[in-house]
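Chemist: From first to last, the protein sequence lines stand for chains A and B. So for the first sequence, my numbering puts the first residue at 56; every next one is plus one. So for the second sequence, my numbering puts the first residue at 45; every next one is plus one.
Since the hints were derived computationally from the structure, they do not count as laboratory data. Don't be surprised by glycine CBs; every beta carbon is placed ideally from N, CA and C.
Here chain A is said to cover these stretches of chain B; the calculated rule only asks that three of the stretch's residues, wherever they fall, bring their Cβ under 8 angstroms from a Cβ of chain A: (1) 106-119; (2) 263-270; (3) 499-513.
Below, computed lysine to any residue pairings styled on SDA-like, alpha-carbon distance capped at 25 angstroms: (4) B:LYS184 x B:THR194; (5) B:LYS493 x A:PRO100; (6) B:LYS493 x A:LEU89; (7) B:LYS184 x A:ARG107; (8) B:LYS251 x A:GLU230.
Not everything, but these chain A residues come out facing chain B in the computed CB check (under 10 angstroms): (9) PRO96; (10) SER135; (11) TYR138; (12) ALA140; (13) VAL171; (14) VAL190; (15) PHE220; (16) PRO225; (17) PHE255; (18) SER324.
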Amino acid sequence: MKTFLIRRVYSSFITFIAVITIVFLLARATGDPLAELENDPRISPATVAAIRTAFGLDRPLHEQYINYLVNLFRGDFGYSLHYKAPVMEVIMQRFPYTLALLIPSITLSNYLAYVVGLEIGWRRGSRLDSVFMGVSMFIRSTPYFWLAILFLYVFSVVLGVTPLFGAVTPGRRFEWSLDWFLDYLWHYALPFTVLTLRGFLSELIYVRNTVVDVLGEDFVMTARAKGLPDKYVKRRYVARNAMLPITTVLGMRYAFLIDGAIQTETVFSYPGTGRLVYEAIFNRDFWLLQGAVVVLALSVIVVNSVIDLLYAYLDPRVRYR
Amino acid sequence: MRTATALLACVILATLLVQVIPYYQPAVSAIRITAETYDRWLTPCRCYGGTLRVALPSDVTTLNWWVAGATWDLMTLDLLYDRPLRIINGTLTWEVAEYLEYSEDYLTLTMGIRKGIKFHDGKELTAEDVAFTINVLATKSWTYYHGYFTSVNRAEAVDKYTVRIYFKEPDSQFVLNSLTVVRIMPKHIWEPLLNAMGDELAKYSPKPEELVGSGPFIFVERVPGQYIKFRVNKDYWLGRPCVDEVLLIPITDVSVVILGIQRGDLDTYTWGVDAAVVPTLLANPNVGIHIYTSEYFYHWGLNNQVWPLNISKFRLALHYAVDKEAIVRDVMLGYGIPGSPGVVAPFGSCAPWYNPNVEKLVYYDPKKAAEILDEIGFTDKDGDGWRDGPNGEPVVVELYSPTPGYDPVRARAAEIIRENLAKIPGGGIKVVVYYYEWATLWPLIREAKVMSWLLGSGWSPDIGWLRFRFHSRPEGAGNWARYSNPEVDALIKELLATFDMEKRRELAWRIQEIIALDSPIINLYYRSYPNPYRRDRFENWFFESTESVFNRISVLRVQLRAEVCPAPVTPTPTPTPTPTPTPTPTPTLTPPPVVTVTVPVSPAVTTVTVPAPVDYTPIIAAAASIVVVAVVAAVVLLLLRRGK
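Given the sequences, and given the hints that come with them, work out the whole structure.
Modeler: Shown next, in the form of structure tokens:
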């Protein structure tokens with residue numbers, strides 16, 4: 056186990072460096088972030104040059120890269136050109152909202168997908184299966200943006216039971232009170248519901264198909280032939296074996312938290328990092344993009360490692376040396 | 045003895061004369077600037093209170109005014125700070141400054157500022173603050189507006205309420221460009237920060253207690269991505285604004301803004317909505333639409349170094365062939381104004397400089413285009429319907445446009461140009477349109493690597509911006525078409541050197557005429573934006589032709605309607621404005637009178653019979669309810685049956 060962990064850490068480190076190097080180069084290949092300023096008659100060439108120097112954009116590429124790596128390992132993620140603030144500050148102002156929205160949503164939708172998927176996989180071919188698959192296909196094929204706007208329109212405009220925008224009522228200062236939390240939950244309800252519903256119905260198909268695959272295995276047929284009760288077969292034989300691929304797919308959803316739910320954030324005007332990263336690409340805000348990628352790379356590596364360790368727990372056949 | 049007496053008498057006489065001589069020196073004639081005062085725009089408050097909720101299209105990125113450049117950042121900061129002067133509806137208006145006087149050689153400008161203006165922390169705004177702000181802008185090249193202060197040598201506070209600005213060379217653009225945009229920053233807050241951080245201040249995010257200005261609203265708090273809150277400055281020197289609070293709410297999806305306005309969750313929006321939703325919005329009697337037009341000129345840029353666009357008459361022919369009205373009518377649904385051939389806009393801050401004669405010089409006339417092309421030898425020699433060069437070379441004009449996703453108007457305008465040019469009588473000009481992603485296209489335009497392009501460009505309040513766009517200087521920035529005309533260069537040089545407003549106007553008119561006939565770029569359109577606002581809570585909005593309803597005057601005078609006013613106010617007599625000293629009959633620099641041009645606004649808004657929008661609500665609600673009920677029921681059923 057120890058060797059496994061050491062090798063894991065080592066390979067994760069290499070992956071991490073490779074990812075941030077590639078992003079560093081690709082980001083700079085998209086062009087000059089200060090280019091737009093040149094069409095503005097208010098800006099003098101001296102100002103553009105000064106901004107370039109202030110953000111280190113005039114240094115040769117390798118120097119920028121080395122500075123970046125050195126600062127990274129000191130915890131300094133650089134400055135956002137667009138927000139004119141430290142990158143981590145910009146990300147951390149929004150990341151808690153993303154985490155608060157996505158972690159419960161992913162967890163609940165994963166759980167529902169697993170429970171429901173298991174049942175309808177077991178009952179494949181039944182009417183229940185058809186109903187769920189039909190609904191699932193329909194929701195999965197609709198553009199998410201459309202679905203979100205539909206929910207917003209029905210619940211916020213027509214029924215008027217949920218608010219139209221924001222994570223809290225605008226102007227409402229944060230305080231440790233029930234009032235504030237209720238307001239927060241009231242704003243939270245609709246984006247959470249839409250995300251969970253969509254996530255649940257999307258993953259449902261995958262879980263169901265995995266279960267169906269496992270049901271075709273010989274040991275399941277043997278177990279049923281032995282006369283074991285359905286409930287027992289479902290839990291001990293099918294679920295446990297279907298669990299492994301399901302864990303990977305459903306588990307990896309946690310890795311991409313920082314990408315957030317950009318469409319959710321746009322439609323519900325919910326603050327989060329998804330929109331931040333998207334805009335960083337368009338504004339050619341290199342450092343913000345790199346900072347986001349660092350977080351992304353780290354979370355993918357960590358989540359992946361956790362899943363692999365979980366494998367060892369779930370499947371006694373798996374041993375790490 | 046007699047010599048000595050004579051000598052003594054001479055000395056005494058000389059001494060006396062020397063005393064008297066100063067009184068015989070010619071009086072240094074000062075040149076005063078005239079401007080309006082604020083009073084004409086303000087009205088007394090009949091109701092105090094209320095929170096103004098304003099939607100922004102995207103979040104504010106920085107509240108550090110020194111480096112803020114994004115439109116919404118500057119709009120937000122405008123609530124906090126004041127300027128020396130401001131241009132309102134094309135009129136130069138005194139704000140913090142009370143008078144401006146140039147020395148005869150135009151190397152010194154004396155500014156007198158109002159007395160009794162206080163910052164939000166109680167300290168008085170004095171000449172020191174003004175001088176400090178100008179000095180930082182002049183010396184620190186990383187400040188956003190540094191480009192407007194490069195002619196300044198230094199500024200100093202002569203006394204508590206007088207600032208003197210010394211120039212390196214006379215700058216005729218200074219008053220209109222620089223003094224109307226600079227916000228006065230408190231020296232007692234920013235000087236220590238500047239001393240401590242130096243140039244790192246360019247990357248600084250000010251803390252809430254440092255966001256102190258003299259403006260009508262006081263900063264309360266900012267929650268990134270959610271809202272920015274301001275409360276009223278009750279001691280504001282122009283009189284307290286009527287509303288109690290302003291909330292700026294970033295909402296990126298414009299459909300949500302429209303829903304918010306319809307529902308009454310928002311009072312206004314700082315930008316425009318899609319022209320197609322205007323009838324729906326107007327169906328609600330509580331919603332009003334203000335149409336404002338941006339002076340940003342969207343044009344067809346022609347690479348003047350590439351054949352055949354290097355032929356002036358060829359470009360002129362293209363100009364005659366483009367139907368700008370069709371673009372405004374069909375693509376923008378009437379929400380726009382055809383571009384003026386001389387590029388200077390007929391409205392807004394460009395209006396005083398606009399030359400109406402250019403409309404008679406160049407206009408839509410495909411026959412005239414054909415005539416000119418025939419005259420210069422571009423005829424259809426091989427009978428394929430397309431005109432060829434004088435020696436039979438094929439003529440293809442490549443037009444690069446940003447993608448429809450980036451700017452649908454420009455993308456469609458490109459198609460209209462292609463159609464227009466194909467239909468020139470006697471043979472069309474072949475135009476090939478390429479759609480490029482903006483970030484890829486812009487560097488190509490900058491480096492003149494493409495033949496022609498569609499671009500939207502900005503201007504400055506002072507007409508000197510013509511230099512940025514049309515002067516053939518080597519570094520080229522701004523003059524992307526690489527236009528080079530020595531006559532225009534000379535006229536522009538004179539334009540920048542003279543302070544005589546009448547003379548400047550004459551020069552500007554002449555430049556516009558040459559540009560119209562030379563057509564280095566073909567000015568296509570100005571965009572108009574339908575800006576929605578609610579009418580049922582707040583009243584007394586100020587409508588400006590080039591800005592949304594959320595402007596400086598609106599925030600000062602907008603108030604709750606009588607029906608919803610918690611505590612009506614008996615109107616106090618309007619404070620008499622401080623009498624400005626009667627100007628001595630010295631030459632004045634009056635900005636030329638605003639030529640009131642009736643800006644052709646689409647009649648669609650005022651006279652259209654609003655068709656009842658198809659109501660899909662019941663169908664959508666039914667479908668959604670069925671889906672939700674089905675899913676919930678299935679899940680419940682499943683969980684109940686789990687045991688079996």
